[in-house]
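A.B. asks: Residue-level listing of the chains:
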Amino acid sequence: MTPNRLADLERSAWRSNFDDGLFDLLLGSMLLLNWLGSVVPNNRLLYPFFFAIVGAYVVVKRVVVLPRTGVARFAAPRRQRKVLSMALLLAPLLLGLAVMVLTSLDGTSAAWLRAHPIVFHAAFPLMVVLVFSGLASLLEVPRIHAIGVIMALAFGVDLWRDSATGFLIGGVLVCIPGIVLLTRFLHRYPPLTPEERQHAR
Amino acid sequence: MPADADVRGPVGGDASGEAVFEELRDLDRLVHEPARLMILAYLFVTDSADFVFLARQTGLTLGNLSSHVSKLEEAGYVEVQKSFKGKRPNTQLRLTEPGRKAFAEYRERIERALRDLPEIAGPHDSPTRR
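Residue numbers (the working numbering), protein chains in the order written: chain A, 1 to 201; chain B, 1 to 130.
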């Protein structure tokens with residue numbers, strides 16, 4: 001077993017964390033929620049759904065997935081990558097917040113942005129692709145690249161064509177593999193029997 | 001090395017042949033068992049893991065895994081830490097320093113032995129077929 005094979009073993013053990021399809025379902029649901037936002041008259045009605053989706057993700061992961069797959073603590077480099085990926089997800093939010101604050105303080109830049117919407121329209125989908133590409137590389141889960149592209153296209157269609165259809169199609173496209181993976185996962189890893197639980201100490 | 005010399009076994013073999021089999025003879029039998037080797041490999045690449053995780057990754061049944069872990073624990077290669085996560089009991093397995101050393105040593109030893117083993121050429125093979 002060469003060091004490379006050991007690295008492969010570690011990578012495959014790590015990637016098994018994403019075999020349940022929940023991450024895909026979480027992101028796909030967010031896209032579908034965006035689409036719903038364009039359908040319902042009041043966007044605020046959807047806020048509870050946002051928290052419900054995130055809450056459901058956490059509960060299903062803890063109650064359904066982890067008892068079936070078990071838990072491993074990975075070595076420091078892997079944990080650092082995980083922290084970096086969280087930071088990468090938070091970075092666009094902070095950047096967006098900073099832009100909002102700066103443009104509200106400085107009227108000319110706000111006016112300039114309004115006069116040149118193409119800057120925002122191009123920058124936002126590009127940022128989505130970059131963030132998810134970084135996330136896919138850090139987490140070493142290649143399908144996140146594809147999810148990033150679908151999300152960027154959905155946002156692009158919304159910004160350029162003023163149509164929420166991209167969110168609907170994108171949401172369905174991301175959710176379908178998630179459902180397939182979750183179904184396969186539940187089939188492959190049934191809950192432990194009381195006897196098995198005994199052995200698991 | 002002549003073609004007939006690389007198929008000799010430990011008995012009557014030359015010094016390098018004996019060295020190869022010495023490596024194999026000295027392998028740590030506790031680590032050499034495939035199920036235990038898998039367990040050690042997974043614990044080598046993680047900081048710690050619980051029983052269910054190891055069972056899922058290795059494909060061993062929990063009963064089988066438990067018996068192999070007991071042997072590794074007895075040898076001092078694996079440390080079993082029991083705690084509670086909320087109300088649920090949680091057992092984490094971790095490779096000890098001697099366990100880590102034994103696994104690394106086993107890898108080196110088996111790699112060396114396999115590298116030095118004769119090519120797959122029996123006494124009936126002619127040199128032209130190799």
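Source of the hints: derived by calculation from the structure; they are not laboratory data.
Some hints could be false.
In the SDA-like style, the derived pairs of lysine to any residue whose C-alpha atoms are separated by at most 25 Å in a straight line are [claimed, not checked]: (1) A:Lys61 / A:Leu32; (2) A:Lys61 / A:Phe18; (3) B:Lys85 / A:Phe50; (4) B:Lys101 / A:Ala56; (5) B:Lys71 / A:Val58; (6) B:Lys101 / A:Arg197; (7) B:Lys87 / A:Val71; (8) A:Lys82 / A:Leu105; (9) B:Lys82 / A:Leu94; (10) B:Lys87 / A:Ala56; (11) A:Lys61 / B:Lys71; (12) B:Lys85 / A:Leu32; (13) A:Lys82 / A:Met100; (14) B:Lys85 / A:Val129; (15) B:Lys82 / A:Leu181; (16) B:Lys87 / A:Pro191; (17) A:Lys61 / A:Ser137; (18) B:Lys85 / B:Lys101; (19) B:Lys87 / A:Arg197; (20) A:Lys82 / A:Ala115; (21) A:Lys61 / B:Ser83; (22) B:Lys85 / A:Glu195; (23) A:Lys61 / A:Arg161; (24) B:Lys82 / A:Thr193; (25) B:Lys85 / A:Trp14; (26) B:Lys85 / A:His199; (27) B:Lys101 / A:Pro77; (28) B:Lys85 / A:Leu94; (29) B:Lys85 / A:Gln80; (30) B:Lys101 / A:Phe50; (31) B:Lys101 / A:Arg79; (32) B:Lys85 / A:Ser137; (33) B:Lys85 / A:Pro194; (34) A:Lys61 / B:Lys101.
Between beta-carbon pairs, the in silico distance windows are [claimed, not checked]: (35) B:Phe21 / A:Ala56: 58 to 68 Å; (36) B:Phe21 / A:Leu66: 45 to 55 Å; (37) B:Leu27 / A:Lys82: 34 to 44 Å; (38) A:Glu195 / B:Arg94: 21 to 31 Å; (39) A:Pro41 / B:Lys85: 27 to 37 Å; (40) A:Met100 / B:Lys85: 52 to 62 Å.
Values in this document were obtained by computation on a predicted structure and should not be read as measured data.
For each residue, glycine too, the CB sits at the ideal point set by N, CA and C.
A.B. asks: Does each hint fit the structure? Answer for all of them.
C.D. replies: Verification of the supplied hints:
no. : hint                           : result
1   : A:Lys61 / A:Leu32              : 21 Å, holds
2   : A:Lys61 / A:Phe18              : 11 Å, holds
3   : B:Lys85 / A:Phe50              : 28 Å, violated
4   : B:Lys101 / A:Ala56             : 43 Å, violated
5   : B:Lys71 / A:Val58              : 36 Å, violated
6   : B:Lys101 / A:Arg197            : 31 Å, violated
7   : B:Lys87 / A:Val71              : 16 Å, holds
8   : A:Lys82 / A:Leu105             : 35 Å, violated
9   : B:Lys82 / A:Leu94              : 41 Å, violated
10  : B:Lys87 / A:Ala56              : 21 Å, holds
11  : A:Lys61 / B:Lys71              : 32 Å, violated
12  : B:Lys85 / A:Leu32              : 35 Å, violated
13  : A:Lys82 / A:Met100             : 28 Å, violated
14  : B:Lys85 / A:Val129             : 38 Å, violated
15  : B:Lys82 / A:Leu181             : 32 Å, violated
16  : B:Lys87 / A:Pro191             : 19 Å, holds
17  : A:Lys61 / A:Ser137             : 22 Å, holds
18  : B:Lys85 / B:Lys101             : 30 Å, violated
19  : B:Lys87 / A:Arg197             : 15 Å, holds
20  : A:Lys82 / A:Ala115             : 39 Å, violated
21  : A:Lys61 / B:Ser83              : 21 Å, holds
22  : B:Lys85 / A:Glu195             : 21 Å, holds
23  : A:Lys61 / A:Arg161             : 37 Å, violated
24  : B:Lys82 / A:Thr193             : 20 Å, holds
25  : B:Lys85 / A:Trp14              : 22 Å, holds
26  : B:Lys85 / A:His199             : 18 Å, holds
27  : B:Lys101 / A:Pro77             : 21 Å, holds
28  : B:Lys85 / A:Leu94              : 34 Å, violated
29  : B:Lys85 / A:Gln80              : 24 Å, holds
30  : B:Lys101 / A:Phe50             : 49 Å, violated
31  : B:Lys101 / A:Arg79             : 23 Å, holds
32  : B:Lys85 / A:Ser137             : 32 Å, violated
33  : B:Lys85 / A:Pro194             : 19 Å, holds
34  : A:Lys61 / B:Lys101             : 35 Å, violated
35  : B:Phe21 / A:Ala56: 58 to 68 Å  : 59 Å, holds
36  : B:Phe21 / A:Leu66: 45 to 55 Å  : 46 Å, holds
37  : B:Leu27 / A:Lys82: 34 to 44 Å  : 36 Å, holds
38  : A:Glu195 / B:Arg94: 21 to 31 Å : 25 Å, holds
39  : A:Pro41 / B:Lys85: 27 to 37 Å  : 44 Å, violated
40  : A:Met100 / B:Lys85: 52 to 62 Å : 40 Å, violated
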